[in-house]
Amino acid sequence: DAGVIQSPRHEVTEMGQEVTLRCKPISGHNSLFWYRQTMMRGLELLIYFNNNVPIDDSGMPEDRFSAKMPNASFSTLKIQPSEPRDSAVYFCASREDTTYEQYFGPGTRLTVT
Amino acid sequence: DAKTTQPTSMDCAEGRAANLPCNHSTISGNEYVYWYRQIHSQGPQYIIHGLKNNETNEMASLIITEDRKSSTLILPHATLRDTAVYYCIVRVDNYGQNFVFGPGTRLSVLP
Numbered sequence: 001d002a003g004v005i006q007s008p009r010h011e012v013t014e015m016g017q018e019v020t021l022r023c024k025p026i027s028g029h030n031s032l033f034w035y036r037q038t039m040m041r042g043l044e045l046l047i048y049f050n051n052n053v054p055i056d057d058s059g060m061p062e063d064r065f066s067a068k069m070p071n072a073s074f075s076t077l078k079i080q081p082s083e084p085r086d087s088a089v090y091f092c093a094s095r096e097d098t099t100y101e102q103y104f105g106p107g108t109r110l111t112v113t
Numbered sequence: 001d002a003k004t005t006q007p008t009s010m011d012c013a014e015g016r017a018a019n020l021p022c023n024h025s026t027i028s029g030n031e032y033v034y035w036y037r038q039i040h041s042q043g044p045q046y047i048i049h050g051l052k053n054n055e056t057n058e059m060a061s062l063i064i065t066e067d068r069k070s071s072t073l074i075l076p077h078a079t080l081r082d083t084a085v086y087y088c089i090v091r092v093d094n095y096g097q098n099f100v101f102g103p104g105t106r107l108s109v110l111p
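Chains as they are written, first to last, in the numbering used here: chain A, 1 to 113; chain E, 1 to 111.
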């Protein structure tokens, strides 16, 4: 398997623009997680899905952030409108519920100017 | 979830064992100890986990004290590629299993 796939790997956008980050989990995994990492706050869980259903979105910073998982092989994290403080590396991870290990993708480095 | 405490940074000579400590004095009986690491510019990577027995895999060994209030991750023969931030996480292995990552220990393996 290719592992967790994220796109784009780098995104530079201007404040106010909409940003969509994409994630393809490992086939057969039924839990998916979105994390954000910054120097100031470290690695934070934003939201996680189980069997395509959002289970806990308490980490989503505000209404500008939304996440969807329309099927088992695809998820998006959208920021609209984006702000400079959203600049971070966003990681997607997936897990099969019978195991203990989360597999992380390579991340998307977002820069909002 | 129990809080964990780790040293901010550590150095280790290449080829020597790296011993990374973690304190989790408020751990509950049903909470597991997990270790992940993050190499620069990559996503975190699972290393090992345990409940109360010592565990070993191809990457590392995990030693958990009898009272379970602390643990040590051991990399038996550290290489330069082991330079990373190492996270100790305590979590009940339940539905969803979302992890809370603390600041971790920055391990520098020196030539």
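Since the hints were derived computationally from the structure, they do not count as laboratory data.
Just so it is clear, the structure is predicted and the values come from calculations on it, not from any experiment.
The reader is advised that the hints may include incorrect statements.
Said to hold, decoys possible - Here are some chain E residues the structure puts well away from chain A; computed CB gaps all over 10 angstroms:
(1) P7
(2) E14
(3) G15
(4) N19
(5) Q38
(6) G43
(7) P44
(8) H49
(9) E66
(10) K69
(11) S70
(12) R81
(13) D82
(14) G102
(15) L110
Said to hold, decoys possible - Not everything, but these chain E residues come out facing chain A in the computed CB check (under 8 angstroms):
(16) C12
(17) N57
(18) S61
(19) F99
(20) F101
(21) P103
Virtual Cβ for every residue (Gly too), placed ideally from N, Cα, C.
Comparing the hints with the structure gives:
1. The Cβ of P7/E sits about 16 angstroms from the closest Cβ of chain A, beyond the 10 angstroms cut-off, so the non-interface label holds.
2. E14/E, annotated as away from the interface, keeps every beta carbon of chain A farther than 10 angstroms; the closest lies near 26 angstroms.
3. G15/E, annotated as away from the interface, keeps every beta carbon of chain A farther than 10 angstroms; the closest lies near 28 angstroms.
4. Against the 10 angstroms criterion, N19/E stays outside the reach of chain A, whose nearest CB is about 23 angstroms from its own CB.
5. The Cβ of Q38/E sits about 8 angstroms from the closest Cβ of chain A, inside the 10 angstroms cut-off, so the non-interface label is violated.
6. Against chain A, the non-interface label of G43/E is violated: not every CB pair exceeds 10 angstroms, the least being about 3 angstroms.
7. The claim that P44/E lies off the interface is violated: its Cβ sits roughly 5 angstroms from the closest Cβ of chain A, which falls inside the 10 angstroms cut-off.
8. Here H49/E does not stay apart from chain A, with its beta-carbon only about 5 angstroms from theirs, under the 10 angstroms limit.
9. Here E66/E stays apart from chain A, with its beta-carbon at least about 22 angstroms from theirs, past the 10 angstroms limit.
10. Against the 10 angstroms criterion, K69/E stays outside the reach of chain A, whose nearest CB is about 21 angstroms from its own CB.
11. Residue placement check: S70/E keeps its beta carbon more than 10 angstroms from all beta carbons of chain A (closest about 21 angstroms).
12. At the 10 angstroms boundary, the C-beta of R81/E stays outside the reach of chain A, the nearest C-beta of that chain being 17 angstroms off.
13. The Cβ of D82/E lies farther than 10 angstroms from every Cβ of chain A, with a closest approach of about 18 angstroms, so its non-interface assignment holds.
14. Non-interface call for G102/E relative to chain A: violated, since the shortest CB-CB distance, roughly 7 angstroms, does not exceed 10 angstroms.
15. For L110/E, the requirement that its beta carbon stay farther than 10 angstroms from each beta carbon of chain A is met, with the minimum near 24 angstroms.
16. Checking C12/E against chain A: minimum C-beta separation of about 23 angstroms lies over 8 angstroms; hint violated.
17. Annotation: N57/E was flagged as interfacial toward chain A, and the flag is violated, the nearest CB pair being 11 angstroms apart, outside 8 angstroms.
18. Taking 8 angstroms as the C-beta cut-off, the interface hint given for S61/E is violated, the closest approach to chain A being about 17 angstroms.
19. Of the supplied interface hints, the one on F99/E holds, with its beta-carbon coming within about 7 angstroms of a beta-carbon of chain A, less than 8 angstroms.
20. For F101/E, the shortest C-beta to C-beta distance to chain A is roughly 4 angstroms, which falls under 8 angstroms, so the interface hint holds.
21. The beta carbon of P103/E is positioned within 8 angstroms of a beta carbon in chain A (closest approach about 6 angstroms), and the interface hint is therefore held.
Going down the numbered hints, you'll see the structure goes against 5, 6, 7, 8, 14, 16, 17 and 18, while the others check out.
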